[in-house]
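Protein chains in written order, with this note's numbering: chain V, 1 to 116; chain D, 117 to 339; chain X, 340 to 649.
A hint or two may mislead.
[As the list claims (entries may be wrong)] As a list, the in silico DSBU-like pairs of lysine-lysine whose alpha-carbon atoms are at most 35 angstroms apart:
1) Lys-538(X) <-> Lys-571(X)
2) Lys-122(D) <-> Lys-19(V)
3) Lys-155(D) <-> Lys-57(V)
4) Lys-133(D) <-> Lys-109(V)
5) Lys-123(D) <-> Lys-19(V)
6) Lys-478(X) <-> Lys-304(D)
7) Lys-156(D) <-> Lys-102(V)
8) Lys-304(D) <-> Lys-617(X)
9) Lys-319(D) <-> Lys-382(X)
10) Lys-588(X) <-> Lys-571(X)
11) Lys-314(D) <-> Lys-350(X)
12) Lys-617(X) <-> Lys-283(D)
13) Lys-304(D) <-> Lys-350(X)
14) Lys-478(X) <-> Lys-314(D)
15) Lys-285(D) <-> Lys-554(X)
16) Lys-538(X) <-> Lys-283(D)
17) Lys-478(X) <-> Lys-574(X)
18) Lys-283(D) <-> Lys-350(X)
19) Lys-67(V) <-> Lys-137(D)
20) Lys-156(D) <-> Lys-57(V)
21) Lys-314(D) <-> Lys-574(X)
22) Lys-588(X) <-> Lys-314(D)
23) Lys-314(D) <-> Lys-554(X)
Bear in mind the hints are in silico, worked out from the structure with no lab data behind them.
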Amino acid sequence: MRLTYPTSFRIIRVPCTGKVDVQHMLRALEKGADGVCIIGCMEGECAYKTGNYRARKRVEQVQRILKAVDIDPERAQMYNLSSSDGPLFGKYAEEMDERIRKLGPNPMKSVQKSAA
Amino acid sequence: MIVADKKPVEEIIEYVKDCEKILILGCNECVTVCEAGGKKEVGVLASTLRMYFANHGHSDAVVDERTLERQCDHEYLEEIRDIADQYDAIVSIACGVGIQFTAEKYHSVPVYPGVNTSFLGVTEQRGLWTERCQACGQCILAHTGGICPVARCAKRLLNGPCGGSSKGKCEINKDLDCAWQLIIDRLKAIDRMDLYEKFFNIKDWSTDRAGGPRKVAREDVQI
Amino acid sequence: MSAKTPSKLEKVMAAGHLGVTSECGPPRGSDPEVIRQKAELLKGYVDAINVTDNQTSVVRTSSLATCIHLKLMGLEPILQMVTRDRNRIALQSDILGAASFDIVNLLCLSGDHQSFGDNPQGQNVHDLDSMQLLWTVRKMRDEGKFLGGDEIKRPPKMFVGAAANPFADPFEIRVPRLAKKIEAGAEFIQTQCIYNLEKFEEWIRQAEERGLTEKCYIMAGVTPFKSAGMAKYMKNRVPGMDVPDDVVKRMSDTPKDKQAEEGVNICVETIQRLKELKGVSGFHIMAIEWEEKVAEIVERAGLLPRPETD
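Chain V on its own, in the form it takes in the complex (with noise of 0.2 angstroms):
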């Protein structure tokens, strides 16, 4: 189809939505990420019937997490698409990279090179 999407994101794979947890996307952010972002099956056509649904749920505690710290929730975003959907991933992976954008970059990461 040679689709396009844009070249800030890195793809991790995983069996299933429901094996990421927030831990994981909290290290993510911690590092110096600037946005998380979670994309699974349909809702209700889990191969495993909840993970997608899990999945969600945890994408919320990250929000209520980031919250807490003062930093914009909207950095973790969760969105469901059909595996074979390959159009619309681009569009979400297009409409993640905008968003990010206009939140700028991840305090984090200002804090990690001061370190450095």
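Given chain V, put chains D and X in place with the hints provided.
This is chains D and X only, laid out in the frame that chain V set:
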């Protein structure tokens, strides 16, 4: 098990916001099962605090993670003997027992609670824990079909149910089972309704909280 | 049954008359005039007056103090005591305090849960439950002893009662539960408000079968509806209340300005029907914040004049 619930992170931040070096201390037992104070929760809380400090101009603050097998036994708590003094604060996310024992053992280090210890209960389903025992010190389950009115009746009636029992539910909350309905159903199932007919006389609460801090001293197992 | 205490209420029922009681809720303030005015409305129409003990867990003037006011007016109070707010020390102490004013009727209750009241964050006590309180009062009266075993100088002489709800769930234990209360020491029972007469009659029939009505005076509880709205509220919102649909319908089919009158009619009809029922020894008329209607209900139900006792 002892069931605990996470404290709001804002409250924990308030305790430790002026500290330079913090240890988040988890426990591998009950609080791991109820997902409030195990290794995973230690990781989440530590990450959260590190981000908080970094984002509030305090990026040199150190937040370390450690999870012990138990915090209610000397031998496991000894594992942090060599490092405990380095910290300005320990946030223990074990139950209230673990938090206190840690504070007792490391007398000069402030220890803060990271959870609210809730009750003695069971995992009814993933994410749902419910109370079963209030540790009153004089078990009466033999008389009540194995269901405890002290822990499960809102008025801890020993001769229940009260007039508020409605369709098997408690008057204070429609989602709450009436303990006495459960007792009656159970007594019927084991064909012991004769137990219901017996007046339950005044209970000795001195083995409960009322008698002051309690202890079990067993000479037969003491060395 | 013969009277064992100086209670006028007990004497009336022991002599075979139908007893009549009503209630007076203490005010949410300290003005004794409120108490006196309410009590004045009941004078001569009832044998004794229940004084509620922080009902629905809302703070009010204490039951004991209010009873003393009634006593000083020459009326006979029934001291209600809940086990929610006091431990066994305070309960025994208040029983003696009441006895020192010759308050001779006591109703033992567990009390509504505090979550319903104005202090939902408070602790509750429940050191004893209502049955154990009955047992305690009887021990104090009959053996002249405190729970701790020491002797009481001038033990309390009290006619001891309890509440019963024939309509609460599960129905099958309602009569065994009554039996337990009587075994624990209840000498009279005041029931929850009765609207479902068939169910109440069935309960009394079962109680009679077990010989319970011979051991204890059962006073049927009635409450007049002020409006159709109140009937619906009691049906849907009050735990343990059984208001049949046809009663609600009768109230809502009545024009608004006639509903209060219809509520009183239903109440009077209930008393008239239950007066004839074997096992019923009296009536407890709970006119909630509507004390002025008690006289009319008592009169129309044919319960006047109230018998004299020595």
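Comparing the hints with the structure gives:
1. Lys-538(X) <-> Lys-571(X): 19 angstroms, holds
2. Lys-122(D) <-> Lys-19(V): Cα-Cα ~22 angstroms, so holds.
3. Lys-155(D) <-> Lys-57(V): 20 angstroms, holds
4. Lys-133(D) <-> Lys-109(V): 21 angstroms, holds
5. Lys-123(D) <-> Lys-19(V): Holds, at about 25 angstroms.
6. Lys-478(X) <-> Lys-304(D): 32 angstroms, holds
7. Lys-156(D) <-> Lys-102(V): Roughly 32 angstroms between the alpha carbons, so the hint for Lys-156(D) and Lys-102(V) holds.
8. Lys-304(D) <-> Lys-617(X): Answer holds: Lys-304(D) to Lys-617(X) is near 31 angstroms, not above 35 angstroms.
9. Lys-319(D) <-> Lys-382(X): 41 angstroms, violated
10. Lys-588(X) <-> Lys-571(X): 9 angstroms, holds
11. Lys-314(D) <-> Lys-350(X): Holds: Lys-314(D) and Lys-350(X) sit about 30 angstroms apart, inside 35 angstroms.
12. Lys-617(X) <-> Lys-283(D): 29 angstroms, holds
13. Lys-304(D) <-> Lys-350(X): Outside the cut-off at roughly 41 angstroms; violated.
14. Lys-478(X) <-> Lys-314(D): Given that 35 angstroms is the threshold and the Cα spacing comes to 18 angstroms, the pair holds.
15. Lys-285(D) <-> Lys-554(X): 31 angstroms, holds
16. Lys-538(X) <-> Lys-283(D): Holds: Lys-538(X) and Lys-283(D) sit about 16 angstroms apart, inside 35 angstroms.
17. Lys-478(X) <-> Lys-574(X): The hint is violated at about 38 angstroms.
18. Lys-283(D) <-> Lys-350(X): 39 angstroms, violated
19. Lys-67(V) <-> Lys-137(D): OK: Lys-67(V) and Lys-137(D) at ~23 angstroms, within 35 angstroms.
20. Lys-156(D) <-> Lys-57(V): 16 angstroms, holds
21. Lys-314(D) <-> Lys-574(X): It holds: about 32 angstroms lies between the C-alpha atoms, which stays within 35 angstroms.
22. Lys-588(X) <-> Lys-314(D): 41 angstroms, violated
23. Lys-314(D) <-> Lys-554(X): Holds - the C-alpha atoms of Lys-554(X) and Lys-314(D) are around 18 angstroms apart, at most 35 angstroms.
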